[in-house]
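Peer 1: Read off the chains here:
Number of protein chains: 2
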Amino acid sequence: MMNWLNHIAIVVPDLAAAAAQYKLLGATTSAPKDLPEHGVTVVFVGIPNTKIELMHPLGEGSPIAGFLEKNPAGGIHHICFEVAEIDETSAKLREIGVRILGDGKPKFGAHDRPVLFAHPKDFQGALIEFQQT
Amino acid sequence: MMNWLNHIAIVVPDLAAAAAQYKLLGATTSAPKDLPEHGVTVVFVGIPNTKIELMHPLGEGSPIAGFLEKNPAGGIHHICFEVAEIDETSAKLREIGVRILGDGKPKFGAHDRPVLFAHPKDFQGALIEFQQT
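As you go down the protein sequences, you meet chains L and A in turn. Going by the working numbering, the first sequence opens with residue 99, and the numbers climb by one from there. Going by the working numbering, the second sequence opens with residue 99, and the numbers climb by one from there.
Hints are computed from structural coordinates only; laboratory data are not their basis. Certain hints may be false.
Derived PhoX-like pairs (lysine-lysine); straight-line CA-CA distance at most 20 Å [stated by the list, open to error]:
#1 131(A) to 149(L)
#2 203(L) to 190(L)
#3 168(A) to 168(L)
#4 219(L) to 205(A)
#5 168(A) to 205(A)
#6 131(A) to 168(A)
#7 149(A) to 131(A)
#8 149(L) to 168(L)
#9 190(A) to 219(A)
#10 168(L) to 190(L)
#11 190(A) to 168(A)
#12 121(L) to 149(A)
#13 190(L) to 149(L)
#14 203(A) to 190(A)
#15 168(A) to 121(L)
#16 121(L) to 168(L)
#17 190(L) to 121(A)
#18 168(A) to 219(L)
#19 168(L) to 219(A)
#20 190(A) to 205(A)
#21 190(L) to 219(L)
#22 131(L) to 121(L)
#23 149(L) to 131(L)
#24 121(A) to 131(A)
Derived DEER-like restraints, expressed as beta-carbon distance ranges [unchecked claim]:
#25 134(L) to 202(A): 20 to 26 Å
#26 126(L) to 202(A): 26 to 32 Å
#27 158(L) to 129(A): 45 to 51 Å
#28 135(L) to 132(A): 19 to 25 Å
#29 147(L) to 132(A): 27 to 33 Å
#30 146(A) to 203(L): 40 to 46 Å
#31 146(A) to 144(L): 14 to 20 Å
#32 130(L) to 202(A): 40 to 46 Å
#33 131(L) to 115(A): 34 to 40 Å
#34 209(L) to 111(A): 27 to 33 Å
#35 114(A) to 201(L): 37 to 43 Å
#36 112(L) to 193(A): 15 to 21 Å
Ideal placement from N, C-alpha and C gives every residue a C-beta, glycine not left out.
Let the hints inform the model, and build the full structure from the sequences given.
Peer 2: What follows is the structure in structure tokens.
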């Protein structure tokens, strides 16, 4: 059920500076992409076996604004696993006592695929996203 | 220079419970392994393209005891990238203004390979380990 690690998301205070740093260390970086419907601007850092998403708040009420206030230097925000069937994952998580954030229903994520986030309190303090492949 | 993502390390309050949860979601998990010289007990969670290291403090003065005190529910602790030459990485990090934790010299890590950690304050708040392949 829990397949490929799709990405690691890192919230950063300065997207250009962060991207430049990864580039200087030899990683490939994309141009910044505004995702207004998700309240974030992202830069993808390519690593051969996965990717890193550098994220910065965009607009009012960004879902990551609070994280950056609490962690002004930035920090690792979440990790995302691919799953074959998001509804099956949702059912399994509930079955093993893991709450799902929000109204509990999968949403369309930043990659236009159904996603859900498990409650960190029910997942060893780590914010885990599941994304349907 | 920055190659394969070797692992994501997650500090957990209860290693057995954490391992069981990943197993219930279909991941493979190793038996717990005590690494007294590193002050941690680890369980490896296998994901096809990388691995997760679930870590719990072991013994007195564990380097992750403070993290668990600050984050009693646990949390994502660091991510580790493989590099070809740790000395080259060390020089490059200094060159771009990134401090190295400790005395600045590579150490033998939990995988018996030379590693170093970049200072999170100089790396967007994320704790990044570099491990020589």
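Peer 1: Could you run down the list of hints and mark each one as holding or not?
Peer 2: Against the structure, the hints come out as follows:
1. 131(A) to 149(L): At roughly 28 Å apart (the allowed maximum being 20 Å), residue 149(L) and residue 131(A) break the hint.
2. 203(L) to 190(L): Between residue 203(L) and residue 190(L) the Cα gap is close to 13 Å, so the pair holds against 20 Å.
3. 168(A) to 168(L): holds, 13 Å
4. 219(L) to 205(A): violated, 33 Å
5. 168(A) to 205(A): violated, 26 Å
6. 131(A) to 168(A): Answer violated: residue 131(A) to residue 168(A) is near 24 Å, above 20 Å.
7. 149(A) to 131(A): Holds. Residue 149(A) to residue 131(A) sits at ~15 Å (cutoff 20 Å).
8. 149(L) to 168(L): violated, 25 Å
9. 190(A) to 219(A): holds, 17 Å
10. 168(L) to 190(L): violated, 32 Å
11. 190(A) to 168(A): violated, 32 Å
12. 121(L) to 149(A): violated, 24 Å
13. 190(L) to 149(L): Roughly 26 Å between the alpha carbons, so the hint for residue 190(L) and residue 149(L) is violated.
14. 203(A) to 190(A): Distance ~13 Å between residue 203(A) and residue 190(A) Cα, so the pair holds.
15. 168(A) to 121(L): violated, 32 Å
16. 121(L) to 168(L): violated, 27 Å
17. 190(L) to 121(A): Roughly 12 Å between the alpha carbons, so the hint for residue 190(L) and residue 121(A) holds.
18. 168(A) to 219(L): With a Cα-Cα distance of about 14 Å, the restraint between residue 168(A) and residue 219(L) holds, given a limit of 20 Å.
19. 168(L) to 219(A): holds, 14 Å
20. 190(A) to 205(A): Cα-Cα ~17 Å, so holds.
21. 190(L) to 219(L): Given pair residue 190(L), residue 219(L) holds - Cα atoms ~17 Å apart, limit 20 Å.
22. 131(L) to 121(L): holds, 17 Å
23. 149(L) to 131(L): holds, 15 Å
24. 121(A) to 131(A): Measuring from Cα to Cα gives roughly 17 Å; hence the hint holds.
25. 134(L) to 202(A): 20 to 26 Å: At 42 Å between Cβs, range violated.
26. 126(L) to 202(A): 26 to 32 Å: holds, 28 Å
27. 158(L) to 129(A): 45 to 51 Å: holds, 49 Å
28. 135(L) to 132(A): 19 to 25 Å: About 47 Å separates the Cβ atoms of residue 135(L) and residue 132(A), which means 19 to 25 Å is violated.
29. 147(L) to 132(A): 27 to 33 Å: Holds: the Cβ-Cβ distance is about 28 Å, inside 27 to 33 Å.
30. 146(A) to 203(L): 40 to 46 Å: Because 28 Å falls outside the window, the suggested range is violated.
31. 146(A) to 144(L): 14 to 20 Å: holds, 18 Å
32. 130(L) to 202(A): 40 to 46 Å: 32 Å Cβ-Cβ, so the 40 to 46 Å window is violated.
33. 131(L) to 115(A): 34 to 40 Å: Distance hint for residue 131(L), residue 115(A) holds at roughly 38 Å.
34. 209(L) to 111(A): 27 to 33 Å: holds, 31 Å
35. 114(A) to 201(L): 37 to 43 Å: Between residue 114(A) and residue 201(L), where Cβ atoms are some 32 Å apart, the hint is violated.
36. 112(L) to 193(A): 15 to 21 Å: holds, 19 Å
Consistency note: the structure conflicts with the earlier hints numbered 1, 4, 5, 6, 8, 10, 11, 12, 13, 15, 16, 25, 28, 30, 32, 35.
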